[in-house]
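Student: Produce the entire structure from the sequences given, and follow the hints as far as they go.
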Amino acid sequence: MEQIEKLLPKYGENIVVGVMFKRHFEWYVTPKNLWKMDYKKLYSVWELAYKKSGKTKEQLEIDIGTYEQFCEKRWNIEVIDGFTANNFLAHLFKCRYSADELRLLRMVAHDDRKKDYDAALFIDFDRNAMYSQFPKPENFENFVPVGWHGEYRDFMSLIPADKRY
13 MEQIEKLLPK
23 YGENIVVGVM
33 FKRHFEWYVT
43 PKNLWKMDYK
53 KLYSVWELAY
63 KKSGKTKEQL
73 EIDIGTYEQF
83 CEKRWNIEVI
93 DGFTANNFLA
103 HLFKCRYSAD
113 ELRLLRMVAH
123 DDRKKDYDAA
133 LFIDFDRNAM
143 YSQFPKPENF
153 ENFVPVGWHG
163 EYRDFMSLIP
173 ADKRY
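In the numbering used here, the protein residues as written are 13 to 177.
Note that these hints are calculated values from the structure, not bench results. Accuracy of the hints is not assured; some may be wrong.
To be verified - Computed beta-carbon distance windows for the label pairs: (1) Asp166 to Lys52: 27 to 37 Å; (2) Met119 to Ile76: 33 to 43 Å; (3) Lys63 to Arg35: 41 to 51 Å; (4) Lys148 to Arg108: 25 to 35 Å; (5) Ile76 to Arg35: 28 to 38 Å; (6) Asn45 to Glu70: 15 to 25 Å; (7) Asn45 to Phe105: 10 to 20 Å; (8) Glu73 to Arg115: 40 to 50 Å; (9) Pro147 to Lys63: 19 to 29 Å; (10) Arg35 to Glu70: 41 to 51 Å; (11) Glu70 to Pro172: 40 to 50 Å; (12) Asn151 to Lys63: 14 to 24 Å; (13) Gly66 to Arg115: 45 to 55 Å.
Ideal placement from N, C-alpha and C gives every residue a C-beta, glycine not left out.
Tutor: Structure (structure tokens):
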């Protein structure tokens with residue numbers, strides 16, 4: 013199984029994401045593009061944007077790929093939800109961080125890099141909820157699976173106390 017190597021947070025690129033899955037909480041640092049949970053919705057937005065700008069479907073497929081090629085970038089996982097979370101998170105195994113690691117890294121980071129360590133997303137697979145505090149216009153909360161709740165809000169109070177940093 014292909015796994016992403018451990019990354020350091022980098023504002024706007026590699027984001028800190030809290031995940032609750034089967035009552036177990038973990039922090040991950042990964043490329044932000046992995047966390048648009050419903051790739052069907054995301055690809056539809058791309059299609060609409062291309063259409064509105066007068067570009068063709070062929071141009072979309074040249075720039076972004078077909079839908080199938082687009083999904084290949086995330087191990088062919090079209091929608092991240094309770095059914096696919098185990099597989100998805102297995103690819104991110106090396107990207108896990110403890111709260112202590114994140115706290116220490118933020119503490120020693122240069123002042124202009126401390127913002128890199130701000131948590132961007134909290135995904136609670138146990139409650140089918142996703143919370144984003146990533147700056148607009150990224151709108152992660154608009155790409156949650158059907159039946160999920162997506163919201164832009166401060167979520168640190170929802171994180172288990174011993175996992176906050």
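Student: Now look at each hint and say whether the structure bears it out.
Tutor: Results of checking the hints against the structure:
1. Asp166 to Lys52: 27 to 37 Å: holds, 29 Å
2. Met119 to Ile76: 33 to 43 Å: holds, 39 Å
3. Lys63 to Arg35: 41 to 51 Å: holds, 43 Å
4. Lys148 to Arg108: 25 to 35 Å: Given about 28 Å between the Cβ atoms, the range holds.
5. Ile76 to Arg35: 28 to 38 Å: Since Ile76 and Arg35 have Cβ atoms about 37 Å apart, the given range 28 to 38 Å holds.
6. Asn45 to Glu70: 15 to 25 Å: holds, 23 Å
7. Asn45 to Phe105: 10 to 20 Å: This hint holds: roughly 19 Å between Cβ atoms.
8. Glu73 to Arg115: 40 to 50 Å: holds, 44 Å
9. Pro147 to Lys63: 19 to 29 Å: holds, 27 Å
10. Arg35 to Glu70: 41 to 51 Å: holds, 47 Å
11. Glu70 to Pro172: 40 to 50 Å: With Cβ atoms ~48 Å apart, the hint holds.
12. Asn151 to Lys63: 14 to 24 Å: Given range 14 to 24 Å: holds, Cβ gap about 19 Å.
13. Gly66 to Arg115: 45 to 55 Å: holds, 49 Å
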